[in-house]
Amino acid sequence: EWSLCVCVCVCGPGVRGLSSSSGPRVCIVGGGPAGFYTAQQLLKNTAVDIYERLPVPFGLVRFGVAPDHPEVKNVINTFTQTGQHERCSFHGNVNVGKDVTIDELRQAYHAVVLSYGAEGNRSMGIPGEGLPGVFSAKDFVGWYNGLPSNKELHPDLSFETAVILGQGNVALDVARILLAPVEMLKETDITQNALEALAGSKVRRVLIVGRRGPLQIACTIKELREMVNLPNTRADMLPADFEGIAEALKDLPRPRKRLTELMMKAVKEGGDDKAEKCWGFRFFRSPVEVLAGADGKRATGIRLALNKLEGSGESARAEVTGQLEDVDCGLIISSIGYKSIPIDPAVPFDPRRAIVPNEMGRVQDTAGLYCSGWVKRGPTGVIATTMNDSFDTARVLIQDMEAGKLDLSVNKPGAQAITALLQTRGVRAVLFSQWEKINAAEEKRGKSLGKAREKLLDVDEMLKIAWS
Amino acid sequence: MAASAAVRSAVSLTQRFVRVSPDCSICPLYRLNACTGAIDGFTAPNRRLRTSIGVCQSADSSSPEEDERVVNVVFIDRSGQRIPVEARVGDNALHLAHKHGIELEGACEASLACSTCHVYVSSKHYEKLPEPEER
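From first to last, the protein sequence lines stand for chains A and B.
All residue numbers for the first sequence refer to the working numbering, where the first residue is 1 and numbers rise by one.
All residue numbers for the second sequence refer to the working numbering, where the first residue is 1001 and numbers rise by one.
If you're looking for bench data, these hints aren't it; they were derived computationally from the structure.
The reader is advised that the hints may include incorrect statements.
[What the hints assert, rightly or not] Each computed EDC-like pair below joins lysine to aspartate or glutamate, with the alpha-carbon atoms no more than 20 Å apart:
#1 A:Lys44 - B:Asp1077
#2 A:Lys44 - B:Glu1103
#3 A:Lys257 - B:Glu1127
#4 A:Lys222 - B:Glu1133
#5 A:Lys257 - B:Glu1134
#6 A:Lys151 - A:Asp460
#7 A:Lys268 - B:Glu1134
#8 A:Lys250 - B:Glu1086
#9 A:Lys268 - B:Glu1133
#10 A:Lys250 - B:Glu1105
#11 A:Lys405 - A:Asp103
#12 A:Lys277 - A:Glu196
#13 A:Lys257 - B:Glu1133
#14 A:Lys250 - B:Glu1103
#15 A:Lys202 - A:Glu247
#16 A:Lys265 - B:Asp1077
#17 A:Lys297 - A:Glu402
#18 A:Lys339 - A:Asp328
#19 A:Lys250 - B:Glu1109
#20 A:Lys222 - B:Glu1109
#21 A:Lys44 - A:Asp460
#22 A:Lys268 - A:Asp236
#23 A:Lys268 - A:Glu247
#24 A:Lys265 - A:Glu223
#25 A:Lys265 - B:Glu1134
#26 A:Lys265 - B:Glu1103
#27 A:Lys222 - B:Glu1131
#28 A:Lys222 - B:Glu1134
#29 A:Lys44 - B:Glu1105
#30 A:Lys257 - B:Glu1109
#31 A:Lys268 - A:Asp295
#32 A:Lys447 - A:Glu196
[Claimed, not checked] Chain A regions said to be covered by chain B (calculated; three or more residues, Cβ under 8 Å):
#33 74 to 86
#34 377 to 385
Just so we're clear, the structure is a prediction, and the values are computed from it rather than from any experiment.
Every residue gets a Cβ at the ideal spot worked out from N, C-alpha and C, and that includes glycine.
Given only the sequences and the hints, what does the whole structure look like? Please build it.
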């Protein structure tokens, strides 16, 4: 008599990763666009775990992209598919560098990818920078986009003139949000407290200041077009800043030419004289001091040094002339760049360039450690740039796997080990399905306010909903 | 320009099979020595039409008006594989690619908001397009 004994191993959704022959395991530090795009490509070859400090994923797509650019956030749909992939496991609420070290991750995984972006900002390095009324664009954007650490920013919007230092897309986003009619914003996912503050804002004039000239401006044409088309707002530029520009147009490469032509059009046409609000670029000016009022308690103006340009094109340099100019203003926003910071002493870091030194995404002198996104290349570029960069790193990592540069013969425990370790430290992760509960709660709150979503501003509130 | 902008050029079809030499010099795969496509003797699987770039042998049954709206598009993926598909004037090029399982990223899902999908148009065809408008 034969009897057949069948042993069945059942793997439910909660027991991923317990099988003994597990295959390659990679983890990614950072749940923003770089992390998700890198994961998307890696998932074809390996299991991927994403560690993110906040309970919520998506990084700058959630906290950086302007509320009136919802189509740019459509990429969240792609990231959501990645997050829901059976071989992908998201762990929010885990602070890598504090709750768990890079070395501990490297022991648990065959490879680790650093995609933690740039959470710091470049400082102007001028006296008065710390005065009330002066903000980094990173913090101001974080404030209207609901970044928990910026919820107490309370910017004072009761002054007529705001000055923004820097002329990239972030600077233009800030200018546009300051001047946009509330009707344009009230159905977006801008935070309710920012919406109310902007509704009561007395800011009527925004100057966007750059060190160099119109041909070096860093913003892209879409953002410039949006400024030109702002309702009830006119452009206020200095014709002197544009001397020689018309002549230079014909030799410019097409994207730069179109951008410059649109700017020239705004200079020429100016806009509706009856407009209550105005904005303008101010070129060849560098900030040298934030001026305080008589009581010295807050910013009331900014002192700018006038520059002249040496050289031309993208590599033109600003040189001091010695002339100065004071501008009265009550709100100063410095938008001169984000900056990465070191995450862990075990990871090489280049303090001058503020990136993790690497060769095509392979971290210098550290086998099995990779990087993608802003922490790899520096904090510039749009989502498309980060996407291509992340795909490059993923490709390099897979090549290394296939070339035997990563020892895949050793089994690595992956999230199982890290979760156990975190538990001993009192840290509990938020899984992707738990983020989806936070997501649903935000959409529900938004609905009652006529908005796309009302973001939760408090991490503890997020955790309570996630683990409910 | 965004790939999601409509495919505007129509290719007229003849009953006679015409062999046309494609302009490989504008193709990035050719320039990178990565082209693996063999033009001669190429067959489109599961299709009634034998295709070469831009040319189609029309079936007897389709009417001339219908033919004018058909555009033959060949996608060449990064491995050099040629994927011919049939499209219509007005089709969205990104959606067309996705419909045929071709990997093309479009982060903003064809809202013209992000530049992850984009096309390079050869200068001689570019000249035929209308001037871009700032809107």
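These are the hints, each one checked on the structure:
1. Annotation: proposed proximity of lysine 44 of chain A to aspartate 1077 of chain B holds, straight-line Cα distance about 17 Å (limit 20 Å).
2. For a cut-off of 20 Å, the pair hint linking lysine 44 of chain A to glutamate 1103 of chain B stands: about 13 Å separates their Cα positions.
3. At roughly 18 Å between alpha-carbon atoms, lysine 257 of chain A and glutamate 1127 of chain B fall within 20 Å of each other, so this suggested pair holds.
4. As the CA atoms of lysine 222 of chain A and glutamate 1133 of chain B are separated by approximately 12 Å, the hinted pair is consistent with the 20 Å bound.
5. A distance of roughly 13 Å separates the Cα atoms of lysine 257 of chain A and glutamate 1134 of chain B; the hinted pair therefore holds under the 20 Å criterion.
6. The straight-line distance between the Cα atoms of lysine 151 of chain A and aspartate 460 of chain A is roughly 13 Å, inside the 20 Å bound, and the hint therefore holds.
7. Annotation: proposed proximity of lysine 268 of chain A to glutamate 1134 of chain B holds, straight-line Cα distance about 16 Å (limit 20 Å).
8. Taking the CA atoms of lysine 250 of chain A and glutamate 1086 of chain B, the gap is near 40 Å; set against the 20 Å cutoff, the hint is violated.
9. Restraint check for lysine 268 of chain A and glutamate 1133 of chain B: the C-alpha separation of about 18 Å stays at or below 20 Å, so the hint holds.
10. Annotation: proposed proximity of lysine 250 of chain A to glutamate 1105 of chain B is violated, straight-line Cα distance about 33 Å (limit 20 Å).
11. Restraint check for lysine 405 of chain A and aspartate 103 of chain A: satisfied, since their Cα atoms lie roughly 18 Å apart, inside the 20 Å limit.
12. For the hint pairing lysine 277 of chain A with glutamate 196 of chain A, the CA-to-CA distance comes to about 19 Å; that is within 20 Å, so the pair holds.
13. Between lysine 257 of chain A and glutamate 1133 of chain B, the direct Cα distance comes to roughly 14 Å. Compliance with the 20 Å bound is thereby established for this hinted pair.
14. A C-alpha spacing of about 37 Å is found between lysine 250 of chain A and glutamate 1103 of chain B, which places the hinted pair above 20 Å, so the restraint is violated.
15. Between the alpha carbons of lysine 202 of chain A and glutamate 247 of chain A the distance comes to roughly 39 Å, so the proposed pair goes past 20 Å and is violated.
16. For the given pair, lysine 265 of chain A sits about 41 Å from aspartate 1077 of chain B by alpha-carbon distance, which is inconsistent with the 20 Å threshold.
17. With a C-alpha separation of about 62 Å, the suggested pair lysine 297 of chain A and glutamate 402 of chain A falls outside the 20 Å cut-off, and the hint is violated.
18. As the CA atoms of lysine 339 of chain A and aspartate 328 of chain A are separated by approximately 29 Å, the hinted pair breaks the 20 Å bound.
19. For the suggested pair lysine 250 of chain A and glutamate 1109 of chain B, the alpha carbons sit about 34 Å apart, so the restraint of at most 20 Å is broken.
20. The suggested pairing of lysine 222 of chain A with glutamate 1109 of chain B holds, with an alpha-carbon distance near 17 Å, which does not exceed 20 Å.
21. As the CA atoms of lysine 44 of chain A and aspartate 460 of chain A are separated by approximately 35 Å, the hinted pair breaks the 20 Å bound.
22. Of the supplied pair hints, the one linking lysine 268 of chain A and aspartate 236 of chain A holds, its CA atoms being roughly 10 Å apart against a limit of 20 Å.
23. A hinted pair counts as satisfied when its Cα atoms are at most 20 Å apart, and lysine 268 of chain A with glutamate 247 of chain A qualifies at roughly 15 Å.
24. Taken as a hint, the lysine 265 of chain A and glutamate 223 of chain A pair is honoured in the structure, with Cα atoms around 15 Å apart against an allowance of 20 Å.
25. Simply put, lysine 265 of chain A and glutamate 1134 of chain B have alpha-carbon atoms about 11 Å apart, close enough for the 20 Å limit, and the pair holds.
26. Distance restraint check for lysine 265 of chain A and glutamate 1103 of chain B: the Cα-Cα separation of roughly 39 Å exceeds the 20 Å cut-off, and the hinted pair is therefore not satisfied.
27. Restraint check: the Cα-Cα separation between lysine 222 of chain A and glutamate 1131 of chain B comes to about 17 Å, which is no more than 20 Å; the hinted pair holds.
28. Restraint check for lysine 222 of chain A and glutamate 1134 of chain B: satisfied, since their Cα atoms lie roughly 9 Å apart, inside the 20 Å limit.
29. Our distance criterion of 20 Å between C-alpha atoms is met by lysine 44 of chain A and glutamate 1105 of chain B, whose separation comes to about 16 Å.
30. A hinted pair counts as satisfied when its Cα atoms are at most 20 Å apart, and lysine 257 of chain A with glutamate 1109 of chain B does not qualify at roughly 28 Å.
31. Restraint check for lysine 268 of chain A and aspartate 295 of chain A: not satisfied, since their Cα atoms lie roughly 41 Å apart, outside the 20 Å limit.
32. This hinted pair checks out: lysine 447 of chain A and glutamate 196 of chain A have alpha carbons roughly 17 Å apart, not beyond 20 Å.
33. Here the region 74 to 86 of chain A counts 4 residues with a CB under 8 Å from a CB of chain B, which clears the bar of 3, and the coverage holds.
34. Under the rule that three or more residues need a Cβ within less than 8 Å of chain B, the assignment of the region 377 to 385 of chain A holds, with 3 such residues.
Checked against the numbered hints given earlier, the structure breaks hints 8, 10, 14, 15, 16, 17, 18, 19, 21, 26, 30, 31 and satisfies all the rest.
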